[in-house]
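There are 2 protein chains.
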Amino acid sequence: MQFETNGSAPRRLHHLLTRWIIGAWIVAMMAACANQTTAPVPDASRNTPAAYATGSSASVLPSWRDGSARHAILTFIANVTREGSATFVPPEARIAVFDNDGTLWSEQPAPFQLLFMIDRLKAAAPAHPEWQRSSAFRALMAHDVSALSEHRKELLQMLSVANSSMTTDEYDQSIRSWLTSATHPTLHRPYTELVYQPQLELLDLLRANGFQVWIVSGGTAEFMRTWVTEAYGIPPDRVVGTQEKLTYEMRNGKGVLVRHPGFDFVDDGAGKPVGIFRAIGRRPILAFGNSDGDREMLEYTATGPGPSLALLVHHDDAEREFAYDRKSSLARLDKAWNEAVERGWVVVSMKRDWAAIYPMPKSALAK
Amino acid sequence: MQFETNGSAPRRLHHLLTRWIIGAWIVAMMAACANQTTAPVPDASRNTPAAYATGSSASVLPSWRDGSARHAILTFIANVTREGSATFVPPEARIAVFDNDGTLWSEQPAPFQLLFMIDRLKAAAPAHPEWQRSSAFRALMAHDVSALSEHRKELLQMLSVANSSMTTDEYDQSIRSWLTSATHPTLHRPYTELVYQPQLELLDLLRANGFQVWIVSGGTAEFMRTWVTEAYGIPPDRVVGTQEKLTYEMRNGKGVLVRHPGFDFVDDGAGKPVGIFRAIGRRPILAFGNSDGDREMLEYTATGPGPSLALLVHHDDAEREFAYDRKSSLARLDKAWNEAVERGWVVVSMKRDWAAIYPMPKSALAK
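If you're matching them up, the sequences are chains A and B in order.
Numbering of the first sequence is given in my numbering, commencing with residue 283 and proceeding in unit increments.
Numbering of the second sequence is given in my numbering, commencing with residue 283 and proceeding in unit increments.
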């Protein structure tokens, strides 16, 4: 019996990280800009849920404008919950899977987990005087985009070192601590407020209709687990993600898990159906993504034996969020778009279909 | 960033499989015996739940005899559910993990999944005429224990081939089909009836007290998922196990997962805390095992920050089930026993603590 690493995994990993790293210099640049100019705080009134809700059943999905996407969702939910009908799906098989970055919350100018990892790197720098001689580190600190791009591999290694060696309990604390203090470089809100209001309503509607809602993300489960229960109402054991290398050890009489550089499993692209099978054990009937990394997850869902619904968020709203698709170096939506057209998947336009993007800022709600 | 297989995983894998294979020749031998003599059908009246229940709170855990094990369980549950007390644990943190083979159902003369895999091998033989020349195959068919023991590696390879290449959907069907027809070689009951009645009562009691119950087993999740919901009331997504290699493919317009020889993750020994962290994301407060493969899981649970309970089933009942512990080549209970003594874990004696072993046979209930 062989015991080999799947040959395609390192390639997928490299691809995933390359996409993230390309995003990294964008954020470095934008953060630099943010130091000089203050981006406008979004107008809360424009984002108030329900403000734009019109058409039928306005009380459900109030931040979804009436249109083909909203209609497809409501029709699908009605079909699978109508007892006695040919399209009925029993509650235990109502599995809904959502990508996270770009589907449930924003992912520009780079996935927020990468921003966290970069902050960890900066925080770890005093303990690594040798980094001062590193071209990648100097480029990162100087926001030197072109130099950073040349020294990607070195940056990856430093990121890896800065985000390993500690126990999972310690890492968990550092994530929680970061999330309470960090804010988005241009939107100036805590990251956990940059979740999509229409999706929060959809998650609630699905649960009210007996669905089990799961996150299936290219990020790591441990990063997401610290905040998704409060943000989305999704429990920590319903988060499927990329898996860091871990070993079990006894330290000071306590059993702990220690993080090591590298990943055992990359939950992206063709890895997503594998991650779904391993964690959930059943084929989903609803899948929601936003990029080529979600293509196989949507395909696996949509080619199942019974009714299914596959959806993609199209980021076409530069004014209220960000606009990027086929040409994006980060989170490209190209092949999945082609397959959506071919197979009749639902493409959700942020601009047209969503009356609001983010929930009201907590600071505004407190007033 | 490196992408290497954890160096200790192949060793653990080999260890696990070796233990299983040693069991394999025992079962081959016993199956041969079973062809000649009919073992006595267990006396259902001796196994009737509640028949022996005595002492306090007899209505809960009726198949557990009053004693220190039952007392420890009831005290622990009372402590963690008493609101306002220092030992109170909120429901979302009431995670209970159970090993499967030897803890929730029998595992002698070999883990039942291995018996299934051997049956798959025999069924696949006509498609592999080259196996007729294999010493391992001939030894298996002839129940030749010593020859089989000499050709272990070859047997492993055949097992691997016979249990891969098909899709997970096809494999799932073959498991379900096997479970409906196969019976235990000496107990002559369907395998899914060889679950432990006292444990069924404990699972119910835990759930009634707000616990989330998970299986964490060295077997594969996909084998267990087909029957654990009906047998234990545990949903398919609460099963953590060893993970076979899988790839996602399109076949005839349908997205499928194809099984390949070998494992990506071995959920045994020090792998169990890793599997728990990845799937559940929280440290359990109750863990129940029966062998050295569960030692780290119990240790990880028992060294957590709050109240915890670690338990081991001791198979000391040759009359009603099987008797094996420190010297067993399969599912040895030795190091974990030492640690149980040292740390005060609860050792449950099947002979003393369990009034019944199995539920009433379904055939008897139907009468």
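Rather than coming from a laboratory, the hints here were simulated on the basis of the structure.
None of these values were measured; they are calculated from a predicted model.
C-beta atoms are modelled at their ideal positions from N, C-alpha and C, and glycine is treated no differently.
Just to be clear, a hint being listed does not mean it is correct.
[Said to hold, decoys possible] So, partial list: chain A residues that the calculated Cβ filter (under 7 Å) puts toward chain B:
1. L487
2. R489
3. W509
4. D519
5. F559
6. E581
[Said to hold, decoys possible] To be clear about the criterion: a stretch of chain A counts as covered by chain B if any three or more of its residues have a C-beta under 8 Å from a C-beta of chain B, and this derived list gives those stretches:
7. 521-533
8. 537-546
9. 560-572
Hints versus structure:
no.: 1; hint: L487; result: 21 Å, violated
no.: 2; hint: R489; result: 15 Å, violated
no.: 3; hint: W509; result: 12 Å, violated
no.: 4; hint: D519; result: 5 Å, holds
no.: 5; hint: F559; result: 5 Å, holds
no.: 6; hint: E581; result: 5 Å, holds
no.: 7; hint: 521-533; result: holds (count 7)
no.: 8; hint: 537-546; result: holds (count 6)
no.: 9; hint: 560-572; result: holds (count 5)
Hints 1, 2 and 3 from the earlier list are contradicted by this structure; the remaining hints agree with it.
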